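Asks: Put together the whole structure using the sequences plus the hints.
Protein sequence lines correspond, in order, to chains Y and P. The C-terminal position of the first sequence is numbered 266 in this note's numbering, with every residue numbered one higher than the one before it. The C-terminal position of the second sequence is numbered 1568 in this note's numbering, with every residue numbered one higher than the one before it.
If you're looking for bench data, these hints aren't it; they were derived computationally from the structure. Remember, predicted model here, so these are calculated numbers, not experimental data. Note that CB positions come from ideal geometry on N, CA and C, so glycine has one too. Check the hints yourself; a few may be wrong.
[Unchecked claim] Far from chain P, by Cβ distances over 10 Å, these chain Y residues were calculated:
id	residue
1	Thr-84
2	Val-89
3	Lys-189
4	Leu-230
[Said to hold, decoys possible] Below, computed lysine-lysine pairings styled on DSSO-like, alpha-carbon distance capped at 30 Å:
id	chain 1	residue 1	chain 2	residue 2
5	P	Lys-1085	Y	Lys-75
6	P	Lys-1335	Y	Lys-254
7	P	Lys-1335	Y	Lys-251
8	Y	Lys-29	P	Lys-1085
9	P	Lys-1419	Y	Lys-253
10	P	Lys-1085	Y	Lys-254
11	P	Lys-1085	Y	Lys-33
12	Y	Lys-253	P	Lys-1335
13	Y	Lys-238	Y	Lys-189
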Amino acid sequence: METVTITLKNAPALYLEADTISPDAFAGKTAAKIAELPVFEGNVPSTLGKYFEVSGDAGATAADTKIIVKGDVKKVKYIGFKMTAGELVIEKTADQYVGAWMKGGKILARGDVGAFAATAMKGGELVVEGNAGNYLGAAYRGDWRGMSGGKILVKGNAGSDIGMYMLGGEIVVNGNADVHVMTHAEGGKTIIKGNAASKLGGQMVDGTIIIFGSIEVMMPGFKPNGEVELEVDGTKAKFAHFIGDMGERHKKKKGVVVYGNLYKKI
Amino acid sequence: MSEYIIKNGHVFDPVQGIKGDKKDIAIKDGKIADKVSSAAKVIDAAGKTVMAGAVEIHAHIAGPKVNLGRIYRPEDKLFSCTPTKGMERMGGGASIPTTFKTGYEYAKMGYTTAMEAAMPPLFSRHVHEEIRDTPIIDEAAFPVFGNNWFVLEYLKNQEIENTAAYCAWLLKATKGYAIKVVNPGGTEAWGWGLNCLTVNDPVPYFDITPAEIIRGLIEANEYLGLPHSMHIHPNNLGNPGCYETTLDTLKLAEGYKAKNKFGREQVLHLTHTQFHSYGGTNWGDFESKAKEVTDYVNANKNITIDTGNVTLDETTTMTADGPFEHHLTGLNHLKWANVDVELETAAGVVPYIYSPNISVCAIQWAIGLEIPLLMKDPMRCYITTDHPNAGPFTRYPRVIKWLMSAKARETQINAFKHKDKVLSQTAIGTMDREISLYELAQMTRAGPAKSLGLSGMCGGLAPGMDADVAVYNFNPEKPVANPDDIEKAFSRCAAVFKSGVQVVSNGDIVSNGNKRTLWVNVKVKDNPQVTRDIKEKFIKYYSMTQNNYEALGHHFIPNPYALEVDAT
Ligand SMILES: [Zn+2]
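Replies: Below is the structure:
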């Protein structure tokens, strides 16, 4: 695997839309060619090289390419956009849409990530060592096709509306999550090791939410369904089981109605 | 104004009966001319196809319903935005493009005139603001009449003269072009939570049937002598077995003859015929009845149709058929928007994915192609996608490929997941007809122009007609190596002229042209009763005053072109 290191040298005045920072876009290119990749600063077309120092050549394919993003990129959007393979390490906090529409490969964000990280993610892995913003692993605005595969781990806290319209895959938040979890979901699983706020599983059709801490306000559309013993992420514990959202339509599988599941550790 | 001469192209013009002969087309002062001076700019069209600018007879491209789609589907713009480029402003949207993108995309494919197929009269100002902001193409809008309280009340008492006077007033007030009917009576019934699924289902409260509304509006249309005929989206759209309602609807036109000075011969235009040609009793035994419907249309010369081709895309359905959209959201569980328009109409919007892996969608695709392939007279059958309902208009080149190449159809049939079902429920697999370029010019130019009463103005290349000309990178003398070459050629024109101004060069927009809004100005005898009824309805029912209702002046219609009709 070849490593390309890009280091921010000229901070953009406006937000930089850098959807070309991905192993797929870098693959097969020399450092000089990578510097020529297009980006937008606001609505002005520019090149990656205007903002970043690029060192190292990429591998022949995305899978053979590792990118290390250095410097203050909190005004850079779309890092890892649509990536299918390879590795990407972001040393500091990045802005919105990290790993959006990603299908494969691995992103390690050592700082925080802004809103809409892993939008409509299909596969691969996103690890955030800091906090994640709102709409993590959610559908794009207006769309009904959210995260459908892959894995997200947030070691800090997550914002609101995570897993909105989720269809598959897994989100794990080691800290707390804000309001709205897996709204409209039709599959997938979200595990919150800390506390959750309110409106969990609103209009949820299918899928699973597991909460280790407290839930500030429970949705009225969820109905108690006994207690179960579960092993989650290596921890065995007793959970109160709820099904819902009773106000939403539900599919049948082999004649049995399928509900969304919410488990809260007792 | 500049002169041009388009030299040595293969010209296809049904208006003059030209079938691919090498001819020069001269342009002077915005019109096709016999000859031009030696100063004329030469466009080399050798080895290329030359046709008149194409005419769109039915699309939803402007107004509140389209804009509702844009507002509630931001995801439609995802990855479909184009930045500013040369003359072009930025645009976006795949199934519901922005106004600018709409104008550019039509022009790049060689379309120079387009009809907005359903204008809610109350929101005509919005419709005209969007038409104004759609560059290049001439446009007109059809106000909807089939669920309008005035019409229902007058026709209940068979008052044709009053209906006609009201239609004339509304066309003028909204700067409308034709009498459009959507699910006659059914949309009004939806206000009571009901629908009209046959032409004999009574409309609640008004106690009138769709059949009476349809006949009455045909009579009012011919009483006035409008350029276009009554243009109908019948009852029972999109349901298995709906073809019977369609045939019942078409039979209502029997005995009527067109009366107008515009050269129009039909009294009824059936739109998006594909959605109305379904047999079967449920989605399991769903089948094509394209033959039954086209047999009837072939035998009855007072009817024209458009196709409504399914393009197998993700799109946005939108119609004044409110109950249908409610039914659709129940089927696909995708987001639904619904609007009521006071005394006049309603609308619904639901996204839809025509997946090649779903047998119903594949059968719909086949029915849409069977219809034009079964029509004997291409002058009476026009290509549409009922944009965006069956697919975006930007897919016309692909529909043309499927119509011009049996091989392209075969490739698509073989790609379907439920190929056997498509072959057993439709006759598409047995059809080897390939539409010729001349027939294509009939279906997309001369035909729709004639049906709209515009045959003296556009859709042909005879001297004196508007200089709307499209030049395609398609050599009719060379065999088509790959059907995809057809799609490519019809996607981006080598050159397009609109009213004598070159608007497209090598696929790029080079001018915003001189876009016009067409409308129909009908003079009728003074009708104090109708005048009083209008005044009263505004006082009693409408949420706005009559002065705020009418679309007037430069702000709404900066460049009007009125077709004058005298019905006094
Ligand atoms: Zn329509």
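Asks: Look at each hint and say if it fits the structure.
Replies: Now the hints, each set against the structure:
no., hint, in the structure
1, Thr-84, "holds, 16 Å"
2, Val-89, "holds, 27 Å"
3, Lys-189, "holds, 22 Å"
4, Leu-230, "holds, 30 Å"
5, Lys-1085/P x Lys-75/Y, "holds, 27 Å"
6, Lys-1335/P x Lys-254/Y, "holds, 27 Å"
7, Lys-1335/P x Lys-251/Y, "holds, 17 Å"
8, Lys-29/Y x Lys-1085/P, "holds, 28 Å"
9, Lys-1419/P x Lys-253/Y, "holds, 27 Å"
10, Lys-1085/P x Lys-254/Y, "violated, 55 Å"
11, Lys-1085/P x Lys-33/Y, "holds, 25 Å"
12, Lys-253/Y x Lys-1335/P, "holds, 23 Å"
13, Lys-238/Y x Lys-189/Y, "holds, 18 Å"
The structure is inconsistent with hint 10 alone, although it conforms to all the rest.
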